[in-house]
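Peer 1: Now for the letters of each chain:
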Amino acid sequence: VTKATEVLQGTLDLLILKAISLGPLHGYGILLRLQQITRDALQIHQGSLYPALYRLEHQGLVTFEWGESDNKRQAKYYKLTTAGRRRLREETEYWNRLSAAIGAVLNAVPEDV
Amino acid sequence: MKLAAMTWSFLRAALRRSQMEREMDDEMQFHLEARAADLRARGVPPAEAERRAREEFGDMIRWKEAGRESRGLRLVDELRADLRYAARTLRRSPGFTLAAVASLALGIGANAAIFSLLDVLVMKPLPVREPRTLVQIMTAGEDGRIEAANYPWCQELAARTDLFSDLFAVRQNVFKVQIAGRVEPVAGQFVTESYFQALDVRAVHGRTLMPDDHREGASSRVAVISYGFWQRRFGGDLNVLGTSIVVDRHPYTIVGVTAPEFFGLQVGWTMDVTMPFAVIAARHNDPGNWSTIPIVARLKAGVERERAAAEVDAMLKRFVADHVESGRFRRNYLQRAEVQPVSNGFGALRDEFSPSLRLLMAAVGLLLLIACVNLAGLLVARNTARHRELGIRLALGAGRGRIVRQLLTESALLSILGTVPGVIFALWGSNLLIAFVPEYYGPLTLSVTADTRLLGFTILVASITVLLFGGIPAYQATRVAAAPALSGGPRHVTTLRIGLGRTLVAAQFALSLVLVTGALLLVRSMMNLARVDAGFERDGVLIVQIDAPGSDYEGEKMRQFQREMPARLAALPGVVHATVATTTPLNGNENGRRIAVRGVVPRGDEDVVAQVNGVGPSYFAVFGIPMVEGRPIDERDTANAPSAAVVSETFARHYFGASSALGREVTIGRGESARTVQIVGVAKEVRFRSLRGPGRRVIYVSQFQEREVQQEYFEFALRTAGDPANWVAMARAEILRLRPDAPVLQVLTLRNQINKTLTREWLLASLGTFFAVVALALAAIGVYGLLAYVVARRVPEIGVRLALGAQPRMMWWMTLRESLALAAVGTGVGLAIAAATLRVLNSLLFGLSATDGVTLLGAAALLTIVGLIAGFIPARRAAAVDPLVAIRCE
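Top line first, the protein sequences correspond to chains A and B.
All residue numbers for the first sequence refer to the numbering used here, where the first residue is 111 and numbers rise by one.
All residue numbers for the second sequence refer to the numbering used here, where the first residue is 1115 and numbers rise by one.
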């Protein structure tokens, strides 16, 4: 059994943005999608999704509307705003640059120096 | 963008709180159910599925709290709790709350009141288009700056379209306006062509003046009236257009009504009638003759005021060189031109009252500071009493910032409670003050209303006070160390804070002393003015002011009126003497004329001018002015008798030194109208223009021998056998019975006339006294609060002392001594501050200086007495401590 990695501080927001960029989701749906994409490699405190969602909503990055879920219940569906989409793009670029840089450092062998 | 979103989200969450909570509930509930359903689908038993869903979700209450926090709601929740707590605390000590709210209401209210007056008089921009680009063009010389102009000068300026986009001139006056047979004085103005266009003032009804109205010799005379006048005199009748009104005996047709907010350019004085300048242009066509005609211009875009000023200055110098003969007027007023900003209107009222208002602003600022120091002291004492509670809260893990915030909330609540009655007090008070402004210029149209400027000022002041009186105590309160507060008695931690309390009370005494000294100085100066020998008797004289311009009292009709009326008035029961005069003491009029004293070579320009007063027989008897030498003007001095004159002491001394003035000759006037009079008497010096003096060079001539004395304004004066106020109605009725059309302006006692010249002094003295009394009351509260607290803290100590044999009287003295020590220290510091700062009052004071020793000592004594009285009750309490009870408490 591979051990689930704790989500890094501050990256949960980015993950949520990415999850709902693929289509509107309710809170539980976001959890499912994240688990599905990461194949359960990341451990997410389920309840912590909600403060994060409210924070994103507060910052105007996501918005929501009420819709009907698969089990015929009213649920809050979150989707990205324009500002959210821009933020996701910026954060993604930043992550890519950062991980490439850190990867390069960590994979360095004596010959490279 | 982000900020807007956050504000919006915060407001939505805060205002629709219950909906937000419900949504949060629903959402999390949905999550749990969906998760449980998934688990069930994988074969987990229902009860187990629900349990696991809950477990995986984590602490729901914690996530909800975090959710609220991420919307910024935590602050709101805490604030709400703080407010509830503060309200409860304040309710528990109603005495403290009442004292605090009352002193804040007075402090903030007084500040708002004076600010609102300063604002309407001095700072508020005119309700016209772009007031900031308006400038006023004035002339200046050795005697200062005046609004002098004539029509050719205006036209020359108006031609400078390279400097000014608009330029207009205004001639203001009080006119006799006749509507439906009744004549009344109305403030009005003649304006040149671009007045309304330049200011962008529109008519709400009809039209404003058009270029055609301004052509010289226009056949029809038209007038625009103010909204207030329209409402007042025509009841807002829409048919007013086309109505004819008679202004100074000339008919004008009303063509429009201006917008309600527009009052003209003179703050406090609404121009009710506006007419084209062309009507009077011919009177001001001589470029060598200058009258009071304010000129206002709008600077062309891109033109600096400095550049315009330089160009206009050069123009004036050329103009004056070409057209004005050299002499006193030219040297005193026409040496240079000045271009001044005029965005808030020109204001005679402003010039007269703004120094006083600024002084009052300083006084109320000081008062508020005293109130704040007082409250800070009380709060320090109270927080010390609460140190146990605060210690517990710190020990339980409350942050210091959190506690400071809570204490500040309490202060803010106090401040809000004080501000609301304060603003009401301010509106009432400032309008009351306006009622005291004398109506020199016809009815005043000033009023203070609760506008955004006043509101903004008040909020600013209230916020500053919160920080001032709440900040120090709140900070100080948290310096308590949690452990000793819990373990031991209070004594370990209080010494420091009693020290702070003492400093605050002493500071309060010092500041109060400054205010009290200032008030005492103003009151004593006022008393000096009331007592000063003015050279005439202030009591028992009634004045009837006649204002003839615009009436048909002219020439022989006027002379007859002046001749016969004094005799008729003197025949009234209880009237001892009656007379007529061009001016009476302190009525504000000047009548300077060119003179030449035979045998005296003038040493300078000043020597050829003196005040000339045409008086009837018994003038000197009516005013009780004694003769120093010779005889007064009397019945002998008829129109056909040799021309006689009486001169003032100052006149005699100035021209004749020690030798007698009797028999000397003086020529009054120049050229054809010149006339020579022979001095028959010297009258005692009279404070003619101001009670502050100095003596003036006055020539009294017989009113009936004067051809040139101004005939349009004059006064009748009566000496009555009792309080002249009782003759007001009788005198007016008698004049109107004999002459129903007589232009009587006002009937008033000489005392009233004098008091009008003392309005400013009276206002400053009475307001100053009021503020000083409030400051003294606050000082008393401050000392009392501190000592009451100190005594309560010391009860065990006092108990021990008493048990060891100390006399109760010693405990009494020990407490009172503390109060006296505080008063002494505060007063000492205060005396130094007062001596250094109250110099600004010197120009206002009469008969004493700002560092007057008696006044300073008096103020110090007053404060010491207050300290004694306030210390008395706590001292008695200290003496009454029962040693047994006190020690048992320990």
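Treat the hints with care, since some could be wrong.
What the hints assert, rightly or not - Among chain A residues calculated to face chain B with C-beta under 8 Å, some are:
| no. | residue |
| --- | --- |
| 1 | K128 |
| 2 | S131 |
| 3 | P134 |
| 4 | Y138 |
| 5 | S158 |
| 6 | P161 |
| 7 | Y164 |
| 8 | E167 |
| 9 | Q169 |
| 10 | G170 |
| 11 | R183 |
Read the hints as simulated data drawn from the structure, not as lab findings.
Quick caveat: nothing in here was measured; it's all calculated off a predicted structure.
Every residue, glycine too, gets a C-beta built ideally from N, C-alpha and C.
Peer 1: Decide, hint by hint, whether the structure agrees.
Peer 2: We went through each hint and held it up to the structure:
{"no.": "1", "hint": "K128", "verdict": "violated (19 Å)"}
{"no.": "2", "hint": "S131", "verdict": "violated (18 Å)"}
{"no.": "3", "hint": "P134", "verdict": "violated (14 Å)"}
{"no.": "4", "hint": "Y138", "verdict": "holds (4 Å)"}
{"no.": "5", "hint": "S158", "verdict": "holds (7 Å)"}
{"no.": "6", "hint": "P161", "verdict": "holds (4 Å)"}
{"no.": "7", "hint": "Y164", "verdict": "holds (5 Å)"}
{"no.": "8", "hint": "E167", "verdict": "holds (6 Å)"}
{"no.": "9", "hint": "Q169", "verdict": "holds (6 Å)"}
{"no.": "10", "hint": "G170", "verdict": "holds (3 Å)"}
{"no.": "11", "hint": "R183", "verdict": "holds (6 Å)"}
In summary, the structure is inconsistent with hints 1, 2, 3 from the numbered list given earlier, while agreeing with the others.
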